[in-house]
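Undergrad: Protein sequence lines correspond, in order, to chains C and D.
With the first letter of the first sequence counted as 1, position 309 gets the number 309 in my numbering; the numbers rise by one all the way through.
With the first letter of the second sequence counted as 1, position 42 gets the number 42 in my numbering; the numbers rise by one all the way through.
It should be emphasised that the hints constitute simulated quantities derived from the structure, not laboratory data.
Accuracy of the hints is not assured; some may be wrong.
[Unchecked claim] Distance ranges between label pairs, derived from CB positions:
#, chain 1, residue 1, chain 2, residue 2, range
1, D, Thr55, C, Val259, 47 to 53 angstroms
2, D, Gly73, C, Trp415, 45 to 51 angstroms
3, D, Gly60, C, Ala106, 56 to 62 angstroms
4, D, Gly84, C, Phe564, 31 to 37 angstroms
[What the hints assert, rightly or not] Here are some chain C residues the structure puts well away from chain D; computed CB gaps all over 10 angstroms:
#, residue
5, Ala137
6, Arg334
7, Tyr422
8, Phe549
9, Tyr563
[Unchecked claim] A few chain C residues facing chain D, derived, Cβ under 7 angstroms:
#, residue
10, Asp57
11, Tyr131
12, His447
13, Trp448
14, Asp449
15, Gly454
16, Phe459
All figures in this text were calculated on a predicted structure; none of them were measured in a lab.
Glycine residues also receive a C-beta, built at the ideal position from the N, C-alpha and C atoms.
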Amino acid sequence: MAQFRVCPDSGFYFDRSAESLMKANAVAGAVSLLIAGILGLGVILTRWQEVHLLPADLFYQVLTGHGINALIFWIIFFEMAILYFASSTLLRTRLAAPRWAWLGFALMIIGMVMNNVAVLQGNSSVMMTSYAPMQAAPHFYLGLILFAVGALIGCFVFLGTLVIARDDKTYEGSIPLVTFGALTACIIAVFTIASGAIILVPTFLWSIGYIGHIDAAMYRVIWWGLGHSSQQINVAAHVSVWYLIAGVLFGARPMSEKVSRFAFLLYILFLQLASAHHILVDPGISSEWKVFNTSYAMYLAVLASMIHGLTVPGSVEVAQRAKGYTKGMFEWLRKAPWGNPVFSGFFFSLIIFGFIGGITGVVMGTEQINLIIHNTIYVPAHFHATVAVGTTLAFMALTYLLIPVLFRRALFLPWMAKWQPYVFSAGMTLMILFMLGAGTLGVSRRHWDMDFTGALLSFEYSGTAYTMMGVAGVGGVLGVLGGAMYLIVTVGSLLFGKKLDESAGLFQGFGVPLAPSSYNVSQPERLPMAPKLAVEQHGSGGMEAPGTFVLALALLVCFVVYYFINWDYLASVWPLS
Amino acid sequence: MLGRLWQWYPILELEKNQSYRLHLSSMDWNHGFSLQPVNINLQIIPGYEMVLTVTPDQAGEFTVVCNEYCGIGHHLMLGKIYVGEN
Ligand code: HEM
Ligand SMILES: [Cu+2]
Ligand SMILES: [Cu+2]
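Just need the whole structure built from these sequences, with the hints factored in.
TA: Given below as structure tokens:
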């Protein structure tokens with residue numbers, strides 16, 4: 001039975017069940033993003049002290065929901081779609097155990113709904129970290145557990161699909177780089193979910209009264225084993241998306257496949273340990289352990305991201321130069337398709353992740369500096385650069401690529417799509433930069449009222465801190481607008497976009513397969529091995545991409561300057577040991 | 001100094017350029033010790049005691065803001081450290 005279709009525009013092969021699963025997961029992700037965005041608006045309008053929209057209880061409730069829906073549900077649903085794409089579509093193979101994959105999806109949906117209901121009911125405003133001994137309703141934890149189990153099943157389906165592809169020899173040589181990147185993400189995910197189970201299952205049992213006590217410090221250590229490595233899943237996933245987009249848009253190939261693969265491996269080997277920086281200022285943890293984890297592990301982790309951060313634009317530059325855009329340092333970049341949201345989204349994701357996310361990440365990982373920013377609004381500012389822009393925007397760019405290919409619909413309101421990455425990046429960058437500033441002035445995160453109204457004692461932050469939170473507020477509103485534009489374009493495309501396949505109707509947008517006649521390939525052609533690149537053969541590298549080199553130097557300078565400013569600031573703190 | 005829902009206890013009076021051993025702990029949930037405006041931020045975990053040596057090098061009134069979410073009264077949780085000239 002023929003179960004594949006080949007996309008006439010892109011040449012991608014889609015296995016019928018994998019295709020449906022990708023659609024369903026992507027749509028579920030978009031719904032989560034919608035919830036997260038609406039709640040995010042509530043959060044930022046409350047933190048903007050002049051507006052101070054929500055009352056305290058609602059604020060903490062909304063913030064809990066915002067964090068979970070954005071960071072966990074949106075990202076992981078979308079990652080499931082990526083896993084199926086990177087295995088089945090890129091390797092041109094059927095999906096292993098589609099029934100299991102649907103079971104996993106169902107569990108994730110049930111878990112997501114259950115958790116959201118718990119938060120909505122109001123007794124579970126414990127933040128996504130849900131630090132014991134603060135306790136949420138049992139179904140808050142149960143929802144997360146079910147969601148995690150569902151995602152775990154998805155990971156195994158991905159691994160099974162790789163095995164099938166290898167046995168059926170659907171590709172020559174080794175798996176493509178994008179699939180390799182997805183594989184690293186998947187391996188880290190399996191590890192993460194395991195530590196998630198170690199901590200969430202006892203916490204669940206404790207919430208229903210089976211277990212009497214959960215050690216608060218232990219909880220934090222294990223939670224951050226999960227919490228931070230889960231961020232490496234996102235980094236590995238969005239880096240894979242970068243490679244994919246660079247390949248599709250420019251035919252770009254990494255300057256050295258080996259180096260890029262090695263950099264992915266570094267994530268598995270070392271990034272796990274960087275989780276330590278969350279507990280740098282915790283008591284009860286030895287200093288040597290903190291130093292080991294933060295210095296070695298951190299730097300290797302950063303090294304890995306640096307390698308990708310250079311190879312990806314470098315490969316684009318090489319590809320563009322080969323097309324004749326060779327004038328000066330930056331003609332290749334000026335002549336890039338800035339009006340195509342796939343490109344602009346991809347490029348802003350790269351730049352904001354690299355510059356803001358990378359620099360603030362290293363700064364936070366330094367034990368001494370961590371002292372001045374731990375739990376301030378600096379911290380959410382940092383991860384909005386990494387995950388709310390780096391990962392989210394990369395996924396948004398990928399969506400624009402996939403709507404015609406996977407959903408067989410033309411983009412709805414293309415002008416809106418064209419501006420969306422600009423509005424979203426501008427808004428988020430504004431919010432991030434000013435929240436970084438406010439954090440340095442001591443404004444704390446997860447805090448309803450920087451006026452401390454009603455407290456017995458009183459304290460006033462400086463006027464600058466208020467101004468900064470205000471500007472951040474404006475940026476956040478703009479960011480929400482950019483998010484809304486994304487959803488209008490994507491949902492609009494599924495509903496009203498021009499059909500590129502006659503049978504791409506309403507339900508086909510949500511996972512129903514196209515008409516049977518569309519699936520007319522029973523066995524895709526074997527994926528040929530990519531020819532070796534000239535750069536790889538001659539082993540030159542380096543100066544093939546002078547523009548990228550200049551960008552890298554700029555990053556380095558920003559980093560060094562900023563790092564020293566922070567040390568200088570630290571010198572004004574009371575001496576303590 | 002102890003953190004509990006939702007206050008820091010007691011109010012401390014210190015002297016400038018003297019070294020003190022500060023014991024920090026929590027009686028209930030996680031709290032965050034955030035000394036303003038000098039901006040020293042530490043995690044306070046129930047069941048654990050953090051001991052550190054501090055030497056205030058400025059005189060004046062300092063505020064301890066709780067910067068780990070600790071429930072509905074989180075924003076009410078302030079403490080004071082007064083540092084006098086010696
Ligand atoms: C679209 C516009 C967005 C706005 C305006 C926004 C705003 C904010 C603000 C102001 C905070 C900090 C609140 C505080 O600590 O007091 C926050 C927290 C958070 N945001 Fe966003 N955000 C947005 C999008 C996103 C996205 C796309 C993600 C993830 C993919 C995300 C993930 C998070 C997480 C995980 C937290 C931490 C929640 C916690 O402390 O438990 N946000 N957001
Ligand atoms: Cu507190
Ligand atoms: Cu608190």
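Undergrad: Which constraints among the numbered hints does this structure fail? Numbers only, ascending.
TA: Failing hints: none at all.
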